[in-house]
Each structure stands twice: as structure tokens, then as C-alpha cells.
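Chains as they are written, first to last, in my numbering: chain A, 684 to 1024; chain B, 2 to 271.
Since the hints were derived computationally from the structure, they do not count as laboratory data. Quick reminder that beta carbons are idealized off the backbone N, C-alpha and C, glycines included. Hints should not be assumed to be uniformly reliable.
[Unchecked claim] Taking lysine to any residue and the SDA-like style, the derived pairs with C-alpha atoms no more than 25 Å apart in a straight line are:
{"hint": "1", "chain 1": "A", "residue 1": "Lys742", "chain 2": "A", "residue 2": "Arg785"}
{"hint": "2", "chain 1": "B", "residue 1": "Lys254", "chain 2": "B", "residue 2": "Leu236"}
{"hint": "3", "chain 1": "A", "residue 1": "Lys888", "chain 2": "B", "residue 2": "Asp108"}
{"hint": "4", "chain 1": "B", "residue 1": "Lys194", "chain 2": "B", "residue 2": "Ile235"}
{"hint": "5", "chain 1": "B", "residue 1": "Lys190", "chain 2": "A", "residue 2": "Met684"}
{"hint": "6", "chain 1": "A", "residue 1": "Lys968", "chain 2": "B", "residue 2": "Ser64"}
{"hint": "7", "chain 1": "B", "residue 1": "Lys191", "chain 2": "B", "residue 2": "Ser64"}
{"hint": "8", "chain 1": "A", "residue 1": "Lys968", "chain 2": "B", "residue 2": "Leu267"}
{"hint": "9", "chain 1": "B", "residue 1": "Lys190", "chain 2": "A", "residue 2": "Ile685"}
{"hint": "10", "chain 1": "B", "residue 1": "Lys239", "chain 2": "A", "residue 2": "Leu885"}
[Said to hold, decoys possible] Just so you have them, the derived chain B footprint on chain A, three or more residues with Cβ under 8 Å:
{"hint": "11", "region": "731 to 737"}
{"hint": "12", "region": "871 to 885"}
{"hint": "13", "region": "910 to 921"}
{"hint": "14", "region": "971 to 983"}
[What the hints assert, rightly or not] Here are some chain A residues pointing at chain B (derived, C-beta under 7 Å):
{"hint": "15", "residue": "Arg711"}
{"hint": "16", "residue": "Ile713"}
{"hint": "17", "residue": "Asn728"}
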Amino acid sequence: MIDTVYIEEEIWDHSRTREVCARFPKARFIPCERYGEIFNRKAQNFRLQKNRPALILAKKYGHFILETPKGYGIGGERNFYFSHMLNCIYDCRYCFLQGMFRSANYVFYVNYEDFQQAIEAKIAEAPSAESYFFSGYDCDSLALDSVTKFTESFLPFFERHSNAWLELRTKSVQVQSLLRRDPIPNCVVAFSFTPSEISDVLEHKVPKVSHRIGAMEKLQERGWRLGLRFDPLIYHEDYKAQYERLFREIFLSLKVESLHSVSLGPFRLPKPWYENMYRLYPDEKLFAGPLGEHRGMISYPVEIEQEMLGFVRERLLDYTPQSLLYPCIPRNDPVVSILKK
Amino acid sequence: MIYFVVALPSEAKPLVNRYQLKLISSRTQFKVYGARQVFLIVSGVGKIRVQEAVRFLYEHTGSIRNSVWLNVGIAGHSSYPVGTAVLAHKVADQITQESWYPPILFDVPCQTDSIVTVDRPETEYRDPFVYDMEASGFYKAAIQFSTVELVHCFKVISDNRRSSTKQVSKALTERLIQNRLGTLDSVVKKIEKIAERLPSIQIDETRLKQFLDHWHFTVTQQHQLRRLLARLEILEPKSAIWSSELGALSKSKDVLNFLESRINSLPVGL
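Chain B extracted, bound-state conformation (with noise of 0.2 Å):
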């Protein structure tokens, strides 16, 4: 799943374009978009909105955990040209002095560099940083939900010292993010990939109801069998376990025995 989290409806246009997102959900307190396994949400400016949209966002579509979540739009920064994208390698929030450090763990096709976000457009650039109003607040909320691996901000430049807030337009965010669509693309699909090699315990769903259905097994008990038959998964793949013998018990605590003793008895081989 890939979430991504625009301020601006102007920042999401291009981006529901490219990735062919329809409105699902306009009644509620934000707009969220999404096609197949990309969802996008329009949180308003302010890293309070954002907080609540991730959150939003996420429980609204799933709950799925260890998702790739990208906060995508303009930030302001000194001597950067408007148009430069740059993805965050920190993150910091200039009123709490919290901060955060997204691990990079990919090739990245634009520059990296610290965002430091504000509660109002900052419009001297006092320091050689991006500024923005949403990262911090979004990358606290979001990594409540996934890995920090999966979880970046991809800002374009919009204003510098040459070029004001007051030039950035509608339209100029719309182009600005538009042109950027090539490297933003790249971005995500590099850390799909990572997101590929998050591990996950596989579990013969059929076997494992066919022992719920059996027994009757405590929450701590199903955490066991779980275990126990993903173990047994990993080294004795699509064996048969159900018998005459393990059918014949009548406790689930001599059921989870039972595949314990099981394990234990296997040729152990690495």
C-alpha cells in the first residue's frame, strides 16, 4: 500500500492524475483519493491537519501496517532554484526541536537535505534548510502506523530568497509538482522495493481454522498455534500434520504439545 499526504489540492493534482485516483471519500473531513493499492489525502495546510489526516488516512483504508507513506509538496529554502526536489534525510520541527532522521536506504535521484518545519511561512531563510509546515507533524503520525524505512518526505521547491512566497500560485504548485512526477516516481518505487523484503509469517490459513474449529484455544493459545504451524511450515513445507492421534486429543494445551514434540522430532537442517 502506498499512502501519499498533500496540503493543497493543488499539490494532489497532479499526483491523482498520475496515478489515476478517484474521489472516494469527499463527505468527511478530508478529501482522500485512491485506485487499486495508492490512497492520497488532502490534509490543509499545518502539521496539526496533517497529524489527524495521517491518522485518518490510515484507519480509514485497512489499518494495514508497514505501508509506504510519502508526504509530498513545496517548501521554501534559501538559495535552492524553484523546482529542485529534494527528499528529507531529516526532519526537524523548529518549535517542539524534535527530530527524526528517515533512513535512506536507496539510490536517490534527487538531492537530500534537512526540512525543518514551521508555524508560519518563513520567509527569511535564515538557515541553509528546506522549510516547510507539514513534515514533522506528518512524520511523527505516520511511523506510528509503519517501519521509519518506508516513511519519506518529498518536498519540490516553490520559493527562495530570488523568488517569494507571494509568486507561488495555484497553478505554479501544480506545474511544480508535475515536473517533478519522474523523480517522485522513481522515489516510490524504490522504496517499494525495500517494502518487498519486509518479512511476514506465512500461515496455511485453511490449516490453521481447521484447528480453531477443533478446538478451542485462548488468545495466548492461538499466538502459540500460530507459531507453532508457521514453524512447521518453514520445515516441513505443505506436509500433512493432521492424524488419527493428534484428532484424538482432547485439550488444546496437548494439541500445542503435540506440534512442539513435532518440531523437536524433524531432522533439523539449516
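Chain A extracted, bound-state conformation (with noise of 0.2 Å):
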């Protein structure tokens, strides 16, 4: 799966290191200064390299812990997020990374400790306050998780500190590493959803929907608290058919108490990404659909993402209490009403 690892010299005998090279035993290991010189050079094509993209073994400095924008959030008013990955197994089309970063390799940066005493050291600035951490905005949480061990060294973490939330945000079918151990009640693990027609389309290399379920149902069964993610919203003609299938398959699998919460969110992009998007994929359907400018971002006319929010937020009422339901919209957005009434 990964022919080419690349290594940073500085953490070439780090034992995390040792351990990742040892699962590709037939790659080539190429030594790095930064990983920077590879991920971040000019002119390189997200599109091509997502064919074959290679890993990038690295040492993150600083900025471990970043504040989630105002108004994303599960409940929480202390929201961060963190990313011991960048990039993704997956291959959405509608994903912001691939507009955000030049480069489709998968970096992995190997100092987890760091970001751990950086996790430590946020909680200990509010250490009445719950806090949330979330670890899936620039990767997939658990999809390589068989080879970054991320569980098996944040689990036991935030075991330890149960004024923090753990979210694991997630496509991926890869829970074995949390079915194998008991459940910790400050960890949501959260399934991200399009319907089923939609993801056929859109989300390449993803489980299909049916999988992502019968995961959610395992955990479901072990104890774990789940969250459901429908972020973003993708519209076109058969959308309401569409989404309302989909929620009835999830809850005649899923039982409300297993649900922490429940989050949308439309689909937005800021312009340089989009721009980004466009020209790697000019033959997509989703960017050449009703796609506009509106307030410096990307997304679908005010009307039809009033709409669908509207309409979504509504069906899911029919099986979720209000109190479970986030938007992931800024805080000032006029849509968050919508949301809200």
C-alpha cells in the first residue's frame, strides 16, 4: 500500500519510527530534513499523487493544539483540535484538504508525547471546564490507526483526564483497536455520513454506509459513545429521498443513548480551496453544480443551503431530542437560527 516513507533524520531512531517502518517492510526510506521540503514545494498535484501517495514521517513543532472557529462545537465551550495526521486514506470530493494541501501524502508526526503535554497544559488552563479535542479535522482518526497506534497511546491518555473530550471522528470500519478495550465515557466516536447514493459517487475508497453502521453498531454493543456527522450536506435533486433513507437505516441500528450527539453542517469552502479543487477535478459535477460566492466563502445559494439544513435538521428530529443536534456553522451565520428555533 505505501511504497515510499520518507523520514525525517532528526526522528529516524524514534521507536514509533522503527515501528511504522517495520509495517512496510518493502518501502524505500528516504532520509529528509523537514518534511516541509516534500509536502509543502510548489507545484505538485494533489490529483496525481492520491494514485499513490507516500508517507511522511515527521516531528511537528509547535501549534499542537489550535482553537476550533467559534461556533463548531458538540456541546462544549472549549473547543480544540488537534491533527497528528494530515491527509487521509479516503478519497472525497468535496474534502477540503485536498484545496488546503499541495500534496496528497500522508504526513505522521510521530512526537505524540508533545501533543499530549500540549492537550495537558490546555486542560490546565481551565481545569473546572470540560474541554474538547478533536482529532479528525485533517485526517481520519482511526483509518491508519492499525499503523499510527493514535488509541493505543490517547485512550489511555484522556482516561486520565476526564474533564477532556476525546473525539474521534472517523469513515473508516478500522475499531478493532476500540473493541478490544473497555470504553472511556470522555471519547465520542463520531461517523461521518453522506447517503448512500451520494457516497457511491463522492467518497472513493470510503466503506460503503452499510459497514460504517455495522461498526457503529459494534461499538454501540462494547459501550462506546457514538456521534453521527452529517458534514457537509450535499445537495442535489433526490436529496430529502436520499437523506431520509439514510437516517432510517442509521436508527434502526442505532439507539438514541448510545448517541452523544448528532452534528451538520453545509458545505462550505473558502475560495482559494475551492479554486484549488476546481482545477484539479474540472470534470466534477459538484463543483460545476449551483455553487457561488457568498461571504468570501464557496458553498450553495443562500436559499438551497436554508433549505436543506432545514429540512435535514427536521428529519433527524424525528429520531434524535433537539438537545443532541449541533451545527457546525459559525457562530454569527444567519442559518444558525434555522438550526436553532
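Take each chain as given, in its own frame, and dock them per the hints.
Encoded structure:
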């Protein structure tokens, strides 16, 4: 699967580097000084690289933990995100990563201990408050867990910090590491979904919706707290029927009691990222359709966005209480009112 | 388009024969050979010469971006047997300390290694690298004109600790490259396959001309027009856009708004 591994010289002998390399005995291992000289170079083509991404093992310096934009959260006031990896093994056409990064290679930061120190520092800033840490913004939290051993390291860590929440956000069905151990109450395993018909067209290499629901069921039986993420919402002619079917399928298998949160968000991209994505996939109907610029972001027209958010919210309320529903929208955005009616 | 860049005539000869290239430019500072979609330039030795050659070749063959670029030549290594073919997975410049990492997105029919470009022939082979005199100059120049995935350096080992550079003759150079043409050919085909996946925005030029003949569009508006027509082509392939309503519009801005409205009114499919 991975035939090239770039390794920063500084972490060549790091134990996590050795463990990861051992998983790819046939790969070529290439030393580099800093990962940016591969990952951030100009004149790269994300689309071409996506066919055969390399793995870059790196050490992260600073900016371990970042605040989420205001309005993004699942019930807490203190919301942060961190990325032990950049990029994802899946290839979702709507994904902002392909617009944000120049390279499709996977960057894996091996210095978990520094992330954990930074998380502890954030927790210490407000020890009596609950802090939320989202791990799946720039990557899929679980898809490469067998390689990165992310959960093996971070679940015990969060287990020791009961006033901090960890969100694992994923489209993966690689949940064995979670099933093998006891659940921790301050971890939300959140699965992202679009309806099967949309997923089949836009979410390349992603496990089928039914398989993801199956993975959630297993986690539910084991006692893990679950999250549902409908972000981004993808518009097209038959979206209503398809989202209805999706919700029916999900809630046939999941109990509301297992749910920690359900969030939904519109399809929006900063204009420069959209431009990059359009250049990569000019033949993609998603980008050719009714998208326009609104307040510096590329999105569906306001009326479509409002209609979708309103409809999806209503249908979700057939299954879940309002208290579990969270919008992923900036706090001052007019459409927030639709979601909080 | 495939561009070969070699330093020496003896490196060029096997390629010229293999791809049936004809000399198309000899009065200029570089000899250039070409046929159909393949061009070859003989740069001379050293990274400055090769940088100039890359720019020359690009500008004198239509300045076509995102083509396949290959630096082919001989190189030294401490222990690799003479005749070993190597594709660079890292290119470093010994003097400037700059490095590049050509992404190899295909199964390689030979070994890969780091190439270090030196200003003088390396005869001591201190480190276990492949030593040459052009790769860094070539790579730095070629990625100005193409995406990095299509730019590669292919070397055949001509000297090592047992067989010194003094033994490298024109005839040996020619034979070494000749013997590795099969491997090189395989690399070229694989890179070409990757190049085929490059996206391109498809525009019906006849349709575009119809608009440009009818209204005056500023440069910015021409970009917008091209984008809107491309989007329409994706959403409604081969559909008729022209109508009396459109033809009656007097301002180019209104034409762009008309096309935008049409896109927004189409049923949205995936």
C-alpha cells in the first residue's frame, strides 16, 4: 500500500518511526531534513499523488493544539483540534484537504508525547471546565490506526483526564482497537455520513454506509459513546429521499441512548481552496453545479443551504432530541437560527 | 510531450535512434532532436548548462506545460556495478545543499537512489550516493514547467571504485545507455500513463469563439466565460446554449449573469 516512506533525519531512530517502518518492509526509506521540503513544495499535483501517496514521518514543532472556529462544537465551550496526521486514505471529492494541501502524501507526526503535553496544558488552563479535543479535522482519526497506534496512545491518556473529551472522527470501519478495550466515557467515536447514493459517487475508497453502520453497532454493543456527523450536506435533486433513507437505516441500528451528539454542516469552502479543487477536478459535477461565492466562501446559494439545513434538521428530530443536535456553522451565521428553532 | 535532456552526444545517440528523432536545431547553442511528441536536447556538462538547456527546449517547442521531463545520463557510485540503472528518489545539490524529492508514482523497473550533483567528477565516492553533474540543475529548471510527478532523473552507472572515470569512453557511454533503453522505455511509459491522468478543462472552442465574436469581454471576463462554459459542458453536455434571449443581451456582464443563472437553474445531479 505504501512504497515510499520519507523520514525526517531527527526522528530516524524514534521508537514510533521504527514501529511504523517495520510495517512496510518493502518500502524505500528516504531521509529528509524537514517534511515541508516534500509536502509544501509548489508544482505538485494532489490528484496524481492521490493514486499512490507516500508516507512522511515527521516531528511537529509548536501549534499542537488549535482552537476550533467559534460555533463548531458538540456541547462544550472550550473546543480545540489537533492533527497527528495530515491527509487521509480516502478520496472524498468534497474534502477540503485537497484544496488546502499541495501534496496528497500522508504526514504522520510521531511525537505524540508533545501533543499530549500541549493537551494537558490546555486542560490546566481551565481545570474545572470541560475541554473538547477533536482529532479528525486534517485526517481520519481511525483509518490508519493500525499503523499509527493513535488510539493505543491517546485513549489511555484521555482516560486519565476525565474533564477532557476526545472526539475520534472517522469513516473507517477499523474499530478493532476500540473493541479490544473497555470504552472510556469521555470519548466520542463520531462517524461521518452522506447517503449511499452520494457516497458511491463522491466518497472514493470509503467503506459502504452499511458497513460503517455495522461498525457503529459493534461499538454501541461494547458501550462506546457515538456521534453522527452529517457534514458536509451534499445537495442534489433527490437529496430529501436519500437523506431520509439514510436516517432510517442508521436509526434502525443505533439507539439514541448511545449517541453523544449529532452534528450537521453545509458544504462550504474558502474560495482559494475551492479554486484548487476545481483545477484538480474540472470534470466533477459537484464543482460545476450551483455553487457561488458568499462572504468569501464558496457554497450553495443561501436558499438551497437553508432549505437543506431545515429539512435535514427536521428529519433528524424525528429520531433524536434537539439537545443532541449541533450545527457546524460559525456562531454569527444567519442560518444558525434555522437550526436552533 | 516527452522531453529528454542529456549532457553528452554519446548519451543522446541511443535515444535518438530508439525514438527515431531528427535533428531539428543545430545552429543554436544546443542541438535539439525531435519527432512527433518527443524532443531531446544535448545540454553539455554541468548544472548551469543543463538549466539553460531545459529553458531553451521548453521555449523552442511551444512552451507546453506539464509534459514528461527526463534527465538521462551516466553517473558514478561507490559500489553499484557498471551498467546499473537508477531512478532518482532524491536529488541533492552538493554545493547549494538544496534537495528535491521526485514523487515516484509507479512500480519502478530498476532501483531507486539519491543522486548528488557535484561540480567536479567525484572520484572518491565518499558516501553511498549516485554522483552526477546535471540532475540538480535539470530538476530545478524542469519543475518550473511541469508538475513534479512528471519530472525524473534516470542514470546508468558508468564508474565506481573498481572502474574509474578514466575508463569511461564515448563508446562505453553509448553502450551503457543503449543497454538500458528497455528499462528507460518502461519508465517513460509509466510516467506517460500518469500524465494522462492530469485534468484538463474542456472547452468547446467554436462555442467560445461565438461568444467572443459577439461581445467584448475583458481578460477577467474571458476567464469567467471559459469557466462558465466549461461548467455548462459538464452539466449539460452538447446542449444548445444560444437563444434569442441570450443574443439580445448587449453587455458582456449580462451574458455572464445569463450563463450563471442557467447553471443555477439546472437540475443538480451527481
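Exercise for review: Mind listing which of the numbered hints don't hold for this structure, in increasing order?
Suggested key: 6
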